[in-house]
Amino acid sequence: MKKIFWMATVATLLAAGGSRGVSIQVQTPETSPYPWETSGLTEEETARHLLDRFAFGPRPGDIATVLAMGPEAWFEAQLGGEIPDGELEDALEPFRTLDLSIVEITRTYPNPGVVTNRALAWARQNGIITQAEQDDLTNQEINQIRAEYMETYGIRSQNELTGELMAHKLVRAVYSENQLEEVLADFWFNHFNITVSKNQARPYVVNYELEAIRPYVLGNFREMLGATAKHPAMLLYLDNAMSNAEQGAHTTAQMALAESGRSQRDMPRGMGRGRRGLNENYAREIMELHTLGVEAFNQPLGYSQGDVEEVARAFTGWTFLPPEVASRLGMGEMNDDRQMGGMMGEDMGGMMERDDHPELSATLEQAESLGFVAQEGFLFRADMHDADGKLIMGNTFPAGGGVEEGERVMDLLVSSPWTARFISKKLAIRFVSDTPSDRLVDAMATRFSETGGDLREVMKVLFWSDEFWSVSSVRSKIKSPFEVVASALRALDVQMTLPRASLQWVERMGQPLYRYEAPTGYPDRADAWVNAGSLLSRMNFGLNLAMGRIRGVRFDLRGLNTFGGVFHEPESIEHALEVYAGHILDGRDLTDTLALLAPVVADPDFAQKVESATPDSTYASGTSSMGGGMSRGGGMSERRENEQTVDWDHPVNNPKVLAQVVGVLLGSPEFQRR
Amino acid sequence: MTNHRMDDNQEGRLTRRAFVKAGGIALFSLGVGGSPLFLGRTALGAAEVAPFGKKKTLVTIFQRGAMDGLMAVPPLDDPYLSKLRPRLGMSASRGAESQVGDLGVGFGLHPSFAPLRESWDEGRLAIVHGVGSPDTTRSHFDAQDYMETGTPGVKGTPDGWLNRAVGLLGHEATPFQAVSMGGGLPRSLYGERSALAINNLADFGLGVGLGNLGAMSGSSFESLYAETSQDLMRETGESTFEALEALDALRHEPYQPVEGADYPNSPLGNALKQIAQLIKGGVGLEVAVAETGGWDTHVQQGTTNGTFAQRGGDLAQSIAAFWADMAGRRDEVVVLTMTEFGRTVAENGTGGTDHGRGSCLFLLGNGVDGGQVHGTVPTLHKDNLEDGRDLPVTTDFREVFSEVANRHLGIEDSQTLFPEWRGDPLRLWRA
Numbered sequence: 000m001k002k003i004f005w006m007a008t009v010a011t012l013l014a015a016g017g018s019r020g021v022s023i024q025v026q027t028p029e030t031s032p033y034p035w036e037t038s039g040l041t042e043e044e045t046a047r048h049l050l051d052r053f054a055f056g057p058r059p060g061d062i063a064t065v066l067a068m069g070p071e072a073w074f075e076a077q078l079g080g081e082i083p084d085g086e087l088e089d090a091l092e093p094f095r096t097l098d099l100s101i102v103e104i105t106r107t108y109p110n111p112g113v114v115t116n117r118a119l120a121w122a123r124q125n126g127i128i129t130q131a132e133q134d135d136l137t138n139q140e141i142n143q144i145r146a147e148y149m150e151t152y153g154i155r156s157q158n159e160l161t162g163e164l165m166a167h168k169l170v171r172a173v174y175s176e177n178q179l180e181e182v183l184a185d186f187w188f189n190h191f192n193i194t195v196s197k198n199q200a201r202p203y204v205v206n207y208e209l210e211a212i213r214p215y216v217l218g219n220f221r222e223m224l225g226a227t228a229k230h231p232a233m234l235l236y237l238d239n240a241m242s243n244a245e246q247g248a249h250t251t252a253q254m255a256l257a258e259s260g261r262s263q264r265d266m267p268r269g270m271g272r273g274r275r276g277l278n279e280n281y282a283r284e285i286m287e288l289h290t291l292g293v294e295a296f297n298q299p300l301g302y303s304q305g306d307v308e309e310v311a312r313a314f315t316g317w318t319f320l321p322p323e324v325a326s327r328l329g330m331g332e333m334n335d336d337r338q339m340g341g342m343m344g345e346d347m348g349g350m351m352e353r354d355d356h357p358e359l360s361a362t363l364e365q366a367e368s369l370g371f372v373a374q375e376g377f378l379f380r381a382d383m384h385d386a387d388g389k390l391i392m393g394n395t396f397p398a399g400g401g402v403e404e405g406e407r408v409m410d411l412l413v414s415s416p417w418t419a420r421f422i423s424k425k426l427a428i429r430f431v432s433d434t435p436s437d438r439l440v441d442a443m444a445t446r447f448s449e450t451g452g453d454l455r456e457v458m459k460v461l462f463w464s465d466e467f468w469s470v471s472s473v474r475s476k477i478k479s480p481f482e483v484v485a486s487a488l489r490a491l492d493v494q495m496t497l498p499r500a501s502l503q504w505v506e507r508m509g510q511p512l513y514r515y516e517a518p519t520g521y522p523d524r525a526d527a528w529v530n531a532g533s534l535l536s537r538m539n540f541g542l543n544l545a546m547g548r549i550r551g552v553r554f555d556l557r558g559l560n561t562f563g564g565v566f567h568e569p570e571s572i573e574h575a576l577e578v579y580a581g582h583i584l585d586g587r588d589l590t591d592t593l594a595l596l597a598p599v600v601a602d603p604d605f606a607q608k609v610e611s612a613t614p615d616s617t618y619a620s621g622t623s624s625m626g627g628g629m630s631r632g633g634g635m636s637e638r639r640e641n642e643q644t645v646d647w648d649h650p651v652n653n654p655k656v657l658a659q660v661v662g663v664l665l666g667s668p669e670f671q672r673r
Numbered sequence: 000m001t002n003h004r005m006d007d008n009q010e011g012r013l014t015r016r017a018f019v020k021a022g023g024i025a026l027f028s029l030g031v032g033g034s035p036l037f038l039g040r041t042a043l044g045a046a047e048v049a050p051f052g053k054k055k056t057l058v059t060i061f062q063r064g065a066m067d068g069l070m071a072v073p074p075l076d077d078p079y080l081s082k083l084r085p086r087l088g089m090s091a092s093r094g095a096e097s098q099v100g101d102l103g104v105g106f107g108l109h110p111s112f113a114p115l116r117e118s119w120d121e122g123r124l125a126i127v128h129g130v131g132s133p134d135t136t137r138s139h140f141d142a143q144d145y146m147e148t149g150t151p152g153v154k155g156t157p158d159g160w161l162n163r164a165v166g167l168l169g170h171e172a173t174p175f176q177a178v179s180m181g182g183g184l185p186r187s188l189y190g191e192r193s194a195l196a197i198n199n200l201a202d203f204g205l206g207v208g209l210g211n212l213g214a215m216s217g218s219s220f221e222s223l224y225a226e227t228s229q230d231l232m233r234e235t236g237e238s239t240f241e242a243l244e245a246l247d248a249l250r251h252e253p254y255q256p257v258e259g260a261d262y263p264n265s266p267l268g269n270a271l272k273q274i275a276q277l278i279k280g281g282v283g284l285e286v287a288v289a290e291t292g293g294w295d296t297h298v299q300q301g302t303t304n305g306t307f308a309q310r311g312g313d314l315a316q317s318i319a320a321f322w323a324d325m326a327g328r329r330d331e332v333v334v335l336t337m338t339e340f341g342r343t344v345a346e347n348g349t350g351g352t353d354h355g356r357g358s359c360l361f362l363l364g365n366g367v368d369g370g371q372v373h374g375t376v377p378t379l380h381k382d383n384l385e386d387g388r389d390l391p392v393t394t395d396f397r398e399v400f401s402e403v404a405n406r407h408l409g410i411e412d413s414q415t416l417f418p419e420w421r422g423d424p425l426r427l428w429r430a
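Chains as they are written, first to last, in numbering that gives the first Met the number 0: chain A, 0 to 673; chain B, 0 to 430.
In short, the hints are calculated from the structure, not lab data.
A hint or two may mislead.
Stated by the list, open to error - Some residues of chain A that are not near chain B, with every Cβ distance over 12 Å (derived):
#, residue
1, Ser156
2, Glu163
3, Gly225
Said to hold, decoys possible - Incomplete in silico selection of chain A near chain B, CB under 8 Å:
#, residue
4, Asp134
5, Ser196
6, Pro614
Each residue gets a CB set at the ideal place from its N, CA and C atoms; glycine is no exception.
Same shape as in the complex, but just chain B (with noise of 0.2 Å):
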């Protein structure tokens, strides 16, 4: 690939774009002439990249599956909750490490998630319960595609809210402005706005696995996209040429996190990773998607270990480390779960849980009016139930999608982000 290291001879001259983009600060230097030079140029270092600046972002992380909320945070002392799940149920003998911790509002939080405990205590974290769709298909497909598109029971809906909320920042487009790590582009990042779907960093260069290959046909790819006559190939290619600028210096140090912040080497650690360094990278992100899966407890789900305990360890492992990742930059990061719905009441046949309705989410800020579970949980008699069986959606994920886009993103115009909706938003910041 390119080289990146330091070459005295062309440090601080500017390509006129670099110049344009980063506002006069110095940032990329130049190879020789003025003409684009894939060879030629360097850059300065990872911490030094920050041609688009200073940024908000948001990270999403989509549990796909379903999770049950009622398992990761049960309400405690609920009569009702023990008797149907009599394999399921965890005792919450407060302080023994294995199991249930009491968040002390009145609901537990499964072990697997006391990696979080920490933010809560510290007011970081909070809890949205009964949290869920109005529309009520109990289809994976379906409800994950409402709710990533925030129109529930509208199937034709071509954008994603996500990608909506991009073009509502009112910011100039930038490659890394919307990012999906780890996974094809999803739902919510359909739409008008361009948004990169990068599986591994490692992998955004030109030529990688082809030796030196990349590098040498670098400079001839760069000057046909600079003089096609097609223009948006030619403004494109502009941009995709900034982008491996950019992200020339990231991919190839070998990335350190913060110490302490210790990720596990899981798709979702790795995707949030990735994402630390880019929003550390200063390459302008603004809304990162990462996606978490197997949630989708029919069998075995199991209690203080088992599927469910695993992938809530993994979750809360890597939202954990992400945010002890983002130490001196954690007024600009919001993490927001979301899963599409919840599971049932009951425990099923096969040691699991079937499809239900309301879950819960977990938001974790700074300004964030942690330490709380918002929402309403009702005691689990099945005349309170959805359906005699599930637990009721008291809150439309859109309360909480929009004051996360309004409160974080300053994002207004939620008619704009959820059509047809005319809800208000959950108040989820401290005053």
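One chain only, chain A, in its complex shape (with noise of 0.2 Å):
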């Protein structure tokens, strides 16, 4: 292997303060030796690491699958995204919603409300009923219609594609090869923050997760904030939707109509008509949240009240197509069902007053001369736009930018060292510490900088820093609920059939999946996660997982010892937790954790115990393969072969033994920590 060392080159960059320059060194690598050969960790522990860091934890076998290929190679391979993953595409191959486009899926999962509406005028219309008689609807008579109404028209619920969104999250997370682009598919969703809870972007979450983020994770930064900036659901979740030019102001398309010597009355019917006024929510959240960070705001080179203002201002008429529209347009498949014709709000869930949006009736060639631009899911509302000029930063922006006004805005906060600088620190705090140095992060931000938000050079950075390895990096971070449970399922290595029991566990640790409300997306740090409850629901996640009472989820404790089909089996309870503690917890320094448990299961009675606290009925060997017929060497015959080396009999095959010790140890502390 090439021998590598680091080479000081030094930057200036601006200090968290912003006000002075500082001098820091950035490392490269060069030569030996690798920071993982110096950091006091053994093999074992810098393999563990690495799965703990740039993966949801170790499914068996790989850490071995690391120290083979070494961690360089590893890291490149990740970093790559592009290893083979047929296991998962075949757990991913039942779901219906992740092909869907845009239109298909606001076609066949529209907001309940909007289903209601539409189910009554179509009955009205079809002669089901009379105005008169739906004025006297029960709501068991109402259900019913919206019933039939939805089979017709091969409407589904919108619990289907949330299920999937949440589904399609854990089991990616579990099974994918490719766990890298799924830890930070996790961070980038987080750091550009929407939710399911908002119920005129909830039909889009999933397109969003699928278009906006993942593309762009092992990518360019500026590309992905891009995407989230023009997708419906953040167009949606951050009202920018709603966000019109200010009485007073020329509109791109008023400019167009006076360019090209036409009178104002020649603006096609419904444009122009919009209730005038700014919504700074996106402006806002896009500089505070997503590119400068808070720590900018009122600092030199940083951003203002007034520059808030003025990027709501670039970002008027930057609204979201709805499908109908694009259809009528001409840019869609168009949608048999005529009710769906109505008005533009009505797809928001009717929530979005017609003042807000006014419908358009305006051909393609019409709103495109007038400087329209209608993309997937986005449109640039040219009678929406202030086209006058604006100060953004000190940057000058002159009339007339149109929709590349917004573009060139999202240029500028990209290219600020605020940016840099908030981006490498949240990367930092997810994979190295709550607390990571300066240092480190100046040398991330500096990359990012030379590199235009090229995220994998960041993410080089981090991986080849001392502190990455550092002794006092390593387990340093709490698990998030998500990864508690996406690590469990993978150190079991478990089949799982229905990933909704696996989910609800995470919700009642306290991670809802897409359900966090506020745009910070969920804090990344040890106290958010940690309070009485979330710890209780943690041990209690162990030993139901341990105990196989988590449907949908099915697992072989016995196979975790199974080597070349041949169950090596513990000779005693106390050897037996040392060999488990040792798969679930593979590449840690268990001494402390054994040392304390040793004399729990030491306890000759300790079987019997078990046996008599746990009744058949809280142990559910049907949904977990290490059952019953496994204890007598007959549920798996290809371990049959085994069966006369093994002492079915002894305490410790009893699978509810091994079941309390795997409990417990995956509700320890040591297996809440990464």
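Mind assembling these two chains? They're in different frames, but the hints should get you there.
The structure is reproduced here in structure tokens:
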């Protein structure tokens, strides 16, 4: 292997205060030793650390794989993100919503309130009910009409959509070979957080993750920012879809008419009639949360409230393209459901007032001649865009910038050293420790700026830093609930047929997926995850999982200790503890954990106590293949050869005893760390 | 679970932490040898478990979906209301049980809210009408977000107003200081102070549903958490096991509300019942959140019967039962309801109402200036309506919340509680 050493270069960056320049050293790899070789970690600890940070923990055999490849090669493969993923593809096969376009999703999974309105209108128009009868319908009758209407038009419940959204995340985290991509998808979705709690945005969330986040997590930050900015989910979640030029401002459409010598009376019907006024929500958050960071507020080269307003002006007219409007403009399939052609706000759950978003009646050519730009899901409404000049963070944006103006604003934001630092620090907090050094953050930020936001390059700086490998970083992070569940399912090498019950545990521990309502995303700090309720749930999760009490999850505890088709029977319960702690917490120093647990299992009545504490009704042998059948060697034919060498009547082979041991290990503080 | 019966041999010996938290009152006994022993500890029974001292408790109820305040508490004799609601109108034939009750102050009370009438007559229940947010959004999500963060128009506020309120109390953090009962953690409790979301008290135990596995694994867990090198998990582990002890006694005895406290068997009724249980258990509950859904009555809202009446009945019966259950503790408790906005003054084409602006809220407490409708409701002529269609917001919800936080919880720093807000609290307590 090529030897590498660290060559010092010098870069100047803004420090956190923003007002003074400081010199910091940036290291680039050139020769040895590798940072993990001088960290004091064992080889197994090194591999475990990699898998704890750049994966959702190890599956059986993963540590050996990392050891065989070497950390550098393993990491490079993960950065490539193109490891064949057959097992994952099979697991995702049953999902119906992942391949649907925005148009198909909104047509198939409209908001429930919209469905009711359309169903009643449909029932009236088809003579199923009269207006007078509608007044006296019971809720049950309404539900019946809804059901018939949904059946007729192939409309399905949104629960299916959100259910699959949550499920696909867990399936990917557990099974994907491209683990770093999954960890980063989790990180970046949370960075650009949106939520299914907002019903207007709900139908678009799946597509948002697939189209606006995932393609860029190992790519370029600027491109990801642009994709999120134009996605209906973000446009609706942070209200930019409703932001309109203020009264008195000249719009792009007005300018286009004037420039081509047409009269303002030539404006097509519906255009320019919306309620004027800015909505600053997106403008504020794109600076505060997505790029510059709140530390840049009112700082030199940072942003001010005035800049928020100017950026809001730049993004006026950036709105979403409702699928039915796309259809009418000839951009998508026409829908045969005539009810859908109604007011533009309807697909936002009827919440958006007509005045906020008046119906358009123009042809695509007319609209384009006025400066409209329509893409999938995105519409630049030239009649809502404030076309006058702007001054943003000291930069002049001349009048008439059109849709490109928003792009230039994003270029400006991404080029700011504040953004480089904010993003780098957030990544360092996720991957290194809750308190990364300025030195590391500055080195990452320098690379971010040099490469225009190439996220692979920024991750490499992190990987090659001494700090990432330092003993104080290893095991310093507390797993999020999602990480706890994903890593436990991986550790037990489960077969997951129904993710739903596992997802309920994620929620119980305090992380309902896709339902964090604030645009900040979940906090990434230990204290945000650790409270009395969540620790209790973590312990209970361990016990329930090990006892086979989480539906849709199957695993074989004996299989974990089966090599070459032969189950290696532990000699004693203490030995079983040691062996299984080794499997579940592979690559960790287990001295303390074992010292605390060994006396408990050394109790000669331990197996008997477990047996009597867990009546068969609480032990779900039926849902996991480690059950009673196995205990007589009859469950799994491939292991029958082993039958005669294993004493199945020995207490150590009581599946409940193994399950108790494993449950405590999964609920232990050591397992909560990464 | 843990054996919670009295153990004569161990009674009277205190764990260090129970002693510290309880200020010397003997509450928990200790297992052998002073080491953490999950199985050995006992609690002395629900009534005596008071490790965290007597506290004032604010109980908030969020009515998700936007309650029609004009149906709950309609202005009487407003000619425009009955004109705009031909099918939803109800006459206030005074005295008739099935019709709108006359509150005697120019407003009526929807018959489903009749269980609250007693508190009104006693002057403990106040109504604030025309309350809402200065932000005009008619999106449920946004309006709830703004009300729960306490920052109308600002999306990025990381924490909720109730979490900030807990911080401003200046009390030592205890596991049950802030509890959301019956659902996930609401936006109002996001923030720096830890808050519990409990679906059901019966589930707040170790190994619930796993026979005695939790009990027999508890000591292992406790020693692992007590010895972990990770400080936060060690400290929190300690308070987790404390919380388990505190709850253990409560969880095992079937809860008996006081005579006459008839909680409906509904999510809200069960949440309030368990909040009452926590309050009586003395576990240090200071801020409690419960929720009720189904108020988004676009379709078939109904009048004396129907969707609204069903929701209203559940709300009123739940609150009335809770108040009855609080007999003897009412000085310590205040109940505050809230909803994200009101509904259109005019009915729509599907027998319901659409998203509007102002609504009303209920405030119940011994010190409350009750028996009155506070706030301003103009004659419902089109010219007086917001955007020509909605009950105008004449009281910013923060005027109410800040008054409640101040008068009941002693929180004076309304600037931290409601950043950017420069208004004055609405006077809602008797002088």
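Enumerated hints in conflict with the structure, sorted upward: Per hint list: zero violations.
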